[in-house]
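Q: Here is how the chains run, residue by residue.
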Amino acid sequence: MFYSKSKKARLWLLAGMLLPSVLVILVPVGAGLWITGEQSLGYVPLIGQTELSLDVYRELFVSRIFYSSLSFSLMVSLFSTLISAVLAVLLALWLRRYVNKSKWLQFLIQFNLPLPHVVGAMAIWMLLGQSGYLSRLAYWAGIIQEPAAFPVLVQDQVGAGIILEYIWKEVPFIAVSIISILKAWVLPYERQLRLLGASSWQRFRLVTFPFMLPPLLSSSIIVFAYTFGSFEVPYILGSVSQPALPILAYEAYTNPDLTYRPEAMAINMVITLISVVLVFLYLKWGEHHTVQQS
Amino acid sequence: MKKPMAALILWLSAAMVLSSCSSGSLEVVRSAEDASLLSGSSWEQVVDEAKGQQVNWYLWGGSDVINSYVDQTVGRVLKDEYGVTLKRIPVNDTAEAVNKVLNEKQAGRHEEGSVDLIWINGENFNTLKQAEALFGPFAEILPNAQYVDYSNPAIQKDFGNDTEGMESVWGSAQFQFVYNASTVDPDELPRSYEELKVWIQNNPGRFTYNAPPDFIGTRFVKQLFYELSGGYEQWEKPLDQAEFKKAVEPVWSYLNEIKPHLWRGGETYPKSIAELQTLFNNNEVDFTFVQDLGGIQAEINKGRMPETARPYVFRTGTIGDYHYVAIPYNAKHKAAAMVTANLLLEPEMQFKKMGTQEGWGDGLGIHPAKLEGEAASQYKQIQSDAGETAVPAEVLLKHKLPDLSPAYNQALEEGWRKHVLFQK
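Residue numbers (full-length UniProt numbering), protein chains in the order written: chain A, 1 to 294; chain B, 1 to 424.
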């Protein structure tokens with residue numbers, strides 16, 4: 001069977017072998033999505049609500065707090081992604097020639113990949129908070145007279161702390177995915193161009209950057225989607241008066257009054273929808289990426 | 001196929017029984033035995049009957065200190081002096097024990113129930129009371145009830161719900177302000193919300209409160225509501241939206257007036273009491289709040305509060321609440337449960353629970369003024385040991401206000417978000 005000549009048979013076999021894992025992934029996600037969608041339409045039998053309606057969405061889409069949260073989340077994700085991407089490109093270009101030679105360097109740029117975001121968020125909080133280490137250092141050095149004089153970087157209104165955490169975490173992530181491409185594909189082309197007399201800027205523009213672009217875009221979309229839906233970092237580093245969208249959903253969800261449940265679910269549906277759009281974009285770029293390579 | 005079907009039928013019948021419970025159509029079965037336990041004529045008889053029994057006590061199991069107090073301190077005395085074996089059954093949430101009792105009631109197990117005693121208060125008590133699944137009134141029959149001040153409305157009412165002797169008080173907690181004596185002159189302490197406002201305006205950036213719906217943050221707003229609306233008494237009735245909306249208006253104006261003078265100009269608030277305590281500890285603000293009646297010495301020892309931190313309460317009062325133990329109507333070992341509830345009120349046991357050696361700094365359930373002889377002097381000793389890091393119990397008691405029912409809680413939390421937090 002395994003080595004069956006028939007393509008059809010092999011495909012069926014493959015599908016059959018994939019089925020369990022597909023089920024494991026799709027069933028909980030599907031069920032979760034179903035329940036979320038259902039509850040967002042006001043279906044909460046726990047409190048005797050069984051009629052479906054779009055009321056919650058109607059309320060949500062005229063709510064000032066919702067739009068303020070949505071735009072805050074989008075801005076934070078956008079800035080985190082853009083800054084991370086630029087820094088990652090610079091880092092990758094600078095480091096690529098050393099990476100193979102130094103195990104330490106390899107370790108250094110990858111060490112924070114397995115660390116959870118919560119750890120990063122706590123670290124940022126302890127480092128940059130108004131009573132954090134930097135503030136204390138500044139106070140000790142006589143630069144500031146009191147903790148309140150230290151710039152507000154954590155739990156601030158524009159999400160500086162959140163963005164910094166994401167940058168810290170995502171720059172290496174994007175950089176690693178670019179470096180792997182640079183190492184594997186670009187070098188021979190660059191050598192060729194150099195032999196043909198191209199300047200370094202020309203080499204970058206004609207070869208290096210175009211090769212970098214697909215992994216850069218796809219990893220950036222992952223970063224954007226992740227930061228947009230992430231809860232723990234804005235929970236720790238965000239301000240209560242400027243909640244990110246997931247925080248808004250969480251607050252509605254933990255309200256002991258169960259009539260707030262549909263609101264939480266409607267917000268989750270909005271987050272899901274935006275993430276799904278991003279995943280489609282990612283798939284598109286991923287395709288593009290493989291086409292270029294082959 | 002059989003099992004899911006059976007489960008469905010069980011579930012449906014449970015739902016039916018539940019709905020009939022709440023309408024009160026099921027009568028509590030009260031045996032002659034129960035009647036004799038409740039007659040209160042002879043405590044010796046109760047103690048006699050309890051001998052050799054095992055009391056199954058369901059309680060929240062999330063704290064090692066509390067667990068060891070229950071097992072070691074309480075359990076040992078129960079065994080040695082009363083021949084009662086204590087079996088502590090830890091639950092994550094008191095609702096688990098409540099549901100167990102309700103399930104037994106639905107299943108028609110009116111005797112020999114598996115739960116003998118529950119550590120309980122607030123909504124969970126209300127649920128059992130509504131379902132008529134409680135044994136009692138037993139609280140005032142206990143000999144040690146003599147130490148409890150049952151004329152205190154805060155003990156009689158549990159979150160605005162009359163206890164009717166169906167639960168016996170065990171301990172207490174109360175909102176207190178904490179200030180830093182090295183930065184705030186004790187003579188200039190604000191002792192009402194009115195004075196607090198002046199203080200905040202004179203000391204911009206040095207005060208904040210943790211954001212509701214954090215429990216303690218909500219209490220801070222609730223007390224303000226009491227003061228500005230002319231006392232708690234008028235809010236003991238069910239919530240009337242229109243009336244509440246009018247009365248709460250000054251609360252929002254007050255909080256918005258102080259907002260620009262708060263820490264960081266009120267653009268944000270600490271999310272939890274832990275965050276507020278960190279700000280206080282780092283000298284970013286001059287006040288924080290606590291609930292432990294045993295004082296803040298433990299916090300100071302752990303370095304979580306400065307040496308110069310001191311608790312105090314407002315002249316206008318602060319909200320306190322009591323927590324209790326209750327016996328289900330179908331408990332198998334009611335006598336042993338009563339003996340346990342009684343032992344918990346023993347001054348010695350109360351002191352140990354309050355201390356940080358064997359207990360967890362929990363507040364007393366008994367009234368210190370009702371103590372005599374040895375116990376009274378022991379209490380004085382504890383008070384002087386705590387020194388300045390605890391508010392004297394008499395002072396706390398004198399200023400204690402009852403809490404509001406959950407509907408007000410919700411209305412205040414929602415209102416705060418709408419009228420204060422997101423009001424730019």
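Don't take every hint at face value.
Claimed, not checked - Some but not every residue of chain B turned toward chain A, in silico, with C-beta under 8 Å: (1) 159; (2) 160; (3) 211; (4) 282; (5) 421.
Think of the hints as simulated: they come from the structure by calculation, not from any bench. Using N, Cα and C, we set each Cβ at its ideal position, and we do this for glycine too.
Q: Does each hint hold? Answer for all of them.
A: Taking the hints in turn, this is what the structure says about them:
1. 159: Not OK, violated: residue 159 of chain B not within 8 Å of chain A, min 13 Å.
2. 160: With Cβ-Cβ at 16 Å, over 8 Å, it is violated.
3. 211: holds, 5 Å
4. 282: Where the cut-off is 8 Å and the nearest Cβ of chain A is about 3 Å from residue 282 of chain B, the hint holds.
5. 421: holds, 5 Å
Checked against the numbered hints given earlier, the structure breaks hints 1 and 2 and satisfies all the rest.
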